[in-house]
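Protein chains: 2
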Amino acid sequence: MHTIGFVGLGAMGAAMAQQLVSKQFKVTGFDLNTTAVETLAASGGHAATSAAEAASGADALIIMVVNADQAEAVLFDGGALDALSSGAPVILCSTCAPERAEAMAERCQTAGHPFVDAPVSGGMVGAEAGTLTIMAAAPKPTFDATEGVLRAMGSNTYFIGEKVGQGSAMKTVNQLMAGVHIAVAAEAIAFAERAGIEPSLALEILSGSAASSWMLQNRGPEMVEQTGKVTSAVDIFVKDLGIVLDAGRSMRMGLPLAAAAHQNFLNASGSGHGKEDDSQVVKVYRKLKAD
Amino acid sequence: MHTIGFVGLGAMGAAMAQQLVSKQFKVTGFDLNTTAVETLAASGGHAATSAAEAASGADALIIMVVNADQAEAVLFDGGALDALSSGAPVILCSTCAPERAEAMAERCQTAGHPFVDAPVSGGMVGAEAGTLTIMAAAPKPTFDATEGVLRAMGSNTYFIGEKVGQGSAMKTVNQLMAGVHIAVAAEAIAFAERAGIEPSLALEILSGSAASSWMLQNRGPEMVEQTGKVTSAVDIFVKDLGIVLDAGRSMRMGLPLAAAAHQNFLNASGSGHGKEDDSQVVKVYRKLKAD
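Chains A and B are the protein sequences, given in the same order.
Using the numbering used here, the first residue of the first sequence is number 1, and each one after it goes up by one.
Using the numbering used here, the first residue of the second sequence is number 292, and each one after it goes up by one.
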C-alpha cells in the first residue's frame, strides 16, 4: 500500500497528508481549496483537480472532509469510489455519526471496497507531529492491511472492533467528554466569578486539584483572559454534541450531561458566539450579570 | 499560635491533627468516636472528653466535622466557642454551604472570635502527607495570623478573599467540577459499552486524550472493574452537589451541568447504591440494559 488518494486538505487533513508524504507514501490530494492542493504538491505530494482524480489508481483512499454529507458527496456523487483501484480500501477519518459511517461502509463494500471507520483525535498538534489518536473499526484483515497507513498519520492507532461504526462511536464518546468538560469548566469559572473569587485564582486552584481536566487546563485560560484566539469554534461542539445525542437517540440511551452541555453550546451559538472559541460558552453564564 | 483544639477526628481530621502534632503544635482533640481520640493521644496529641474541653485554653480551634449542622452543634450548643481563649480564632475546615459558613462567622465574630472559612481538598492522600489544598477566606489579618497553622496541614494553602464564605464557595466550585467529571465519565463509559466497545479500551483511549480528567483516571478503573472498593461514596456527591445547587439558587445562577450530574447521583442513591463508591453512578446508565 503505497499510492494514497487523499480528499480533504483542511488544517488537519493537510497535516495528515504531509505526514504520509514524509513517510515516503505517494500522495495525490484534492480539496475545493486549490491553495491547499498547491501547497501539498509543492511539498512532495501530487495535485488532483477532482476527488475522482485523487482516487484514480490509488491503493487506498483517505477521506478527511468536514462531515458525513461531504464524505458521501466525494465518494458517490464525486465519482471517487468508481475511480478507485479494484479492491482498494476507503479510510474515512472525518467525524461522522456511527450510523452514517455504517451506511457508507455498506455502499463501499457492495462496490467491492473494504472500509475503515477511522476518526481521529489530537488536533493540529497531533496531526503535525503524526501522533494523532486514530480509532479504527473494520474487519480485522482490513485493519491489518491499512494499519501501516494509519500509523503513519497517528502513532496512537487503536483497533476498536470489527464492526464499522465503532470507530465513530469511540470518537463520539471522546467528543461527549471533551464537550462536557469545556461546558463544566465554564460553569465553574463563572460560578467562582459570581461568588466574588478572582477567576484566575479559581483556575489555578482547580487546575492543580482533583477537579482538573485536560480541557480545563487547555481552554480555561481563554475563558479567563479572553484574548480572542480560536482553537476550535463553539459551532464545532454544537455539531459534535449533536452527533453524540443523535447516537444516544438511536441507541435509546439518555445522556443528561451531554444534553445539558449541548444546550449551552446552542445558546452560545444563538447569542452570536458560534464562530468564537469553544471556551466562550462561558458567555452563556456571564450574560446573567450583563444587565 | 501553638495550642490547638481540634474537633472532628474522622479519616481526614485525624490525619490533619497528626500533621499538626508532627510539626510541634500542642493538639487537644475531640471526636464522638473515642477510639479516634485515643489514637491521637497515643501518638503525641492530647485527649479531650468534649468539644468544649478541646477548645479550652486553645490559641485556635479547628473544626473538621462532617457538615454545617455538626459544626454549629460543636460551636454553639457544645460550648466550644465559650470555652475558647479570648480572641482565639475559629478555623472551619468542614465542607459547608457558603451561607452557612457566613452565618457561623457572624456569631463567632460577635463573640469576639475571628473566623477563617477554610475548607480543604486533596483526600486522605493529601491529609496524610500534609499537602492538602486549603481554600481560606477571612479578613487578611486573621488569615495572616492563622496561615502557619493552615500551612502545617496543607502545603497548598490559598488566600481566596477577605469575605468569609468565599473559601466555601471555592470548595463548592471544586466539588461542582469533581462531581460532574465523575458523572460524565460514567456516561461516556456506559455509552461505549452500549456501542459494543470494550470499556477498558475506551477508558485507555479517553485517559490518554483531550477527553481526560483527573476523575476519569482516578475513578474510571472502578467503573470498569467494579472491585467494590470505596474511595468516596455516592451519597457524598448527593450532599456536595446539593450544596452546589443551593449556592446557585441563592446566587440566582442556573448550573445545568451540576444539576444533571446531581440527578444521576440521586438516582444512583435511590437505587440502593448510596454507600457504594461514587464511580458506581455508572449503574444508573447500566440499568438501561438490565432487563
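Think of the hints as simulated: they come from the structure by calculation, not from any bench.
Hints should not be assumed to be uniformly reliable.
[Said to hold, decoys possible] Stretch-level coverage of chain B by chain A, calculated; a stretch enters the list once three of its residues show a Cβ under 8 Å from a Cβ in chain A:
{"no.": "1", "segment": "387-397"}
{"no.": "2", "segment": "447-455"}
{"no.": "3", "segment": "497-505"}
{"no.": "4", "segment": "565-571"}
[What the hints assert, rightly or not] Per label pair, the in silico range of CB-to-CB distance:
{"no.": "5", "chain 1": "B", "residue 1": "Thr401", "chain 2": "A", "residue 2": "Glu204", "range": "41 to 51 Å"}
{"no.": "6", "chain 1": "A", "residue 1": "Glu204", "chain 2": "B", "residue 2": "Ala420", "range": "14 to 24 Å"}
{"no.": "7", "chain 1": "A", "residue 1": "Gln263", "chain 2": "B", "residue 2": "Thr522", "range": "27 to 37 Å"}
{"no.": "8", "chain 1": "A", "residue 1": "Glu99", "chain 2": "B", "residue 2": "Met415", "range": "56 to 66 Å"}
{"no.": "9", "chain 1": "A", "residue 1": "Asn67", "chain 2": "B", "residue 2": "Ala302", "range": "27 to 37 Å"}
{"no.": "10", "chain 1": "A", "residue 1": "Lys289", "chain 2": "B", "residue 2": "Ala333", "range": "51 to 61 Å"}
Everything numeric in this text was worked out from a predicted model, so none of it was measured.
From the three backbone atoms N, C-alpha and C, an ideal C-beta is built for every residue, glycine too.
Going down the list of hints, with the structure as the test:
1. For the segment 387-397 of chain B, the stated coverage by chain A is violated: 1 residues have a C-beta nearer than 8 Å to a C-beta of that chain, whereas at least 3 were required.
2. With a threshold of 8 Å between beta carbons, the proposed coverage of the segment 447-455 of chain B by chain A holds, since 5 of its residues qualify and at least three are required.
3. Against chain A, the segment 497-505 of chain B contributes 8 residues with a C-beta closer than 8 Å to a partner C-beta. That satisfies the three-residue criterion, and the hint holds.
4. Proximity of the segment 565-571 of chain B to chain A, defined as three or more residues with a beta carbon under 8 Å from a beta carbon of that chain, is not established by the 0 residues found.
5. At roughly 34 Å, the beta carbons of Thr401(B) and Glu204(A) sit outside the given window of 41 to 51 Å.
6. Checking the proposed 14 to 24 Å range against Glu204(A) and Ala420(B) shows it holds: the Cβ atoms sit about 20 Å from each other.
7. Taken as a hint, the range 27 to 37 Å holds for the pair Gln263(A) and Thr522(B), whose Cβ atoms sit roughly 31 Å apart.
8. For the hinted restraint 56 to 66 Å between Glu99(A) and Met415(B), the CB-CB distance of approximately 45 Å leaves it violated.
9. Here the CB-CB span from Asn67(A) to Ala302(B) is close to 51 Å, at odds with the stated 27 to 37 Å.
10. For Lys289(A) and Ala333(B), the hinted distance range of 51 to 61 Å is satisfied, since their beta carbons lie about 53 Å from each other.
Comparing the model with each numbered hint stated earlier shows that hints 1, 4, 5, 8, 9 do not hold.
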